[in-house]
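*Asks:* The listed protein sequences correspond, in order, to chains U and S.
Going by our numbering, the final residue of the first sequence carries number 300, and the count climbs one at a time with no gaps.
Going by our numbering, the final residue of the second sequence carries number 598, and the count climbs one at a time with no gaps.
It is possible that some hints are incorrect.
[Claimed, not checked] The following label-pair restraints were derived from C-beta to C-beta distances:
1) S:V370 to U:S136: 25 to 33 Å
2) S:G545 to U:A47: 30 to 38 Å
3) U:F113 to S:L342: 44 to 52 Å
Hints listed in this document are in silico derivations from the structure and should not be mistaken for laboratory results.
The model shown is predicted, which means the values in this text are computed figures rather than measured ones.
Just so you know, even glycine gets a beta-carbon here, dropped at the ideal spot from N, CA and C.
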Amino acid sequence: MTALSTPAALDADTGAGGGSPRRRPYRALQPSRAGTAVRAVLLFLAAVVTLFPFYAMVVLSLKPAGAIVMPDSLLPWPISTEAYERVLSAESVLRWTFNTAVYSVVSVVAVLFLASLAGYAFARKRFPGKEVMFWSFIAMIMVPYHVTLIPSFIVISEAGGVNTYWGLILPTLANAQAVFLMRQFIKSLPDELFEAAMLDGCSEWRMYVSMVLPLIKPIMATLGVFVFLWHWNDFLWPLIVGQSTDMRTLTTGLASLNAENAPLNVVLAGSVVAFVPIFMAYLVGQRYFTEGVTMTGVKG
Amino acid sequence: MTVSGIAVASRRSLRRREARVGLLFVLPVLLFFLAFRFGPALAGGVLAFTDYTIGAETSWTGLDNLRRMVDDPLFWRALRTTLVYSVLAVPLSILAALGMALLVRRSFRGVRLFRSIFFLPVVTSLVLAGIVFTWIFSQGGPWSSLLGAVGLPDRSWLSDTALVVPALVIVAVWTRFGFGMLILLARLQDIPRELEEAALTDGAGAWHRFRYIVLPELRPALFFLAVIETTVSFQVFDTVYVMTGGGPAQSSYMLVFQLYDQAFRYFDFGYASAIGLALFVMTLVVALIQRLTLGRDR
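I would like the entire structure built from these sequences, with the hints used as guidance.
*Replies:* Dropping the structure here:
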């Protein structure tokens with residue numbers, strides 16, 4: 001399923017295959033004037049539909065409580081920061097943001113470290129049981145998350161991990177896709193690099209730190225963004241492991257606010273708080289988002 | 301010892317060292333996999349045949365859970381709702397993805413901005429999408445106002461037993477089409493331009509070029525998407541939890557929601573595992589169908 005190679009299609013400039021990608025588009029395949037107009041209208045409509053929920057989220061979060069009445073509520077005024085004052089002064093939302101950051105950042109660092117070690121070994125070392133191990137890792141990509149959900153919860157709960165950070169994080173570190181992508185990437189690096197280092201008599205650990213790590217920076221970035229996004233937006237696992245109010249993440253916390261019928265402007269202000277970090281990261285490193293999401297195939 | 305004997309011995313020790321290092325580097329991930337993937341995957345199968353619940357004696361119940369599942373009208377209802385949801389959501393999101401990919405295929409001023417916009421929902425949390433769309437579909441919200449404006453009944457779709465699944469499908473299409481668009485876009489850009497230019501010179505219209513040149517090239521990617529999207533649809537949970545809670549009158553009660561309900565509201569882990577097993581079989585069947593269809597093509 002990962003066999004599909006998908007370069008950063010968002011960045012590609014033309015639809016030309018073969019030849020120089022910067023070549024001027026051949027006139028004949030350019031749509032007629034009427035075609036261009038139709039396309040522009042369709043694109044504009046699609047963009048409006050796509051962006052409307054974001055617009056609604058931001059505009060409604062800036063409304064005073066009780067002022068959300070259609071259709072006036074879609075106008076950007078009057079503006080009130082009341083909801084944000086409530087959200088940002090509420091200890092719970094700050095705590096949820098912190099929890100989400102811990103869950104995401106620690107997992108990214110740990111997954112990258114573990115997967116790069118294993119990926120390096122799978123790509124470059126010969127050891128007994130290698131093929132069996134590797135393919136059984138890959139097979140786990142096929143097993144739906146929900147089949148392992150309950151036993152994982154039982155393990156964590158018996159070990160006293162409910163409402164703890166480690167209980168949240170540990171099970172997510174067994175990431176088959178990360179191992180697979182690391183192995184593929186390291187396998188594609190030129191053999192000479194590794195042979196030279198071997199001849200130098202580099203210790204294995206030094207070789208990993210000073211040679212493998214710098215070489216795999218590109219895949220680290222892509223994979224890191226993907227793992228981060230997955231954890232930041234994760235819902236079901238935090239829902240069952242972080243049960244106390246203090247141990248909720250932003251997604252489960254906001255869902256609970258929503259379920260408790262908190263005022264809409266407050267819930268949406270919280271949603272904006274949860275969305276801004278992802279949005280900023282998306283603006284800066286869009287390439288990594290698109291690569292990460294398409295390479296791994298599934299969104300968390 | 302001869303010189304070559306030393307060489308053989310040292311090569312062997314190098315081999316052994318390599319094996320040790322390899323195992324050592326794989327070991328940490330392997331332990332996590334044993335504890336949280338391999339073990340649970342096996343246990344997930346085993347649990348389905350027990351009456352496990354936290355803090356009580358567990359006993360084998362054989363096929364009881366499966367029998368109960370077969371007799372459980374709610375399970376059949378959840379299964380049917382999941383299938384209806386998937387049958388609507390999968391083709392619609394792929395169609396939307398295909399349409400958008402074709403629209404942003406060729407370069408024009410601002411094309412990258414449009415691509416970025418269309419991908420934005422994919423990086424958005426489903427919980428946020430659920431919260432906003434709950435308002436969009438609420439009574440007197442934008443959706444019902446829009447329907448009212450064109451003369452359709454302006455009821456809230458989320459509180460209508462017949463319309464709640466279509467509402468969830470709309471959210472699914474909104475959150476998923478950007479992903480498919482990107483996959484298809486990557487394939488579209490691999491199609492040799494000369495092929496289409498030649499067809500154009502031969503007088504082929506836009507539809508013919510699409511039907512006989514573009515579509516065949518996209519087939520593998522479309523199959524790939526169909527499998528991914530079906531798997532994602534079978535596992536729908538976040539939006540159901542946030543937007544409907546399975547209601548009204550259990551009309552949006554789907555499989556993963558039932559699994560969650562059984563495990564974490566009724567603490568019936570055995571029965572929940574049986575539902576997980578059903579999900580697994582469904583996913584497997586879809587993957588198998590894909591294998592067979594693709595195999596036939598090649």
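*Asks:* May I ask which of the numbered hints given earlier this structure violates, with the numbers listed in increasing order?
*Replies:* Number 3 - this is the single hint that the structure violates.
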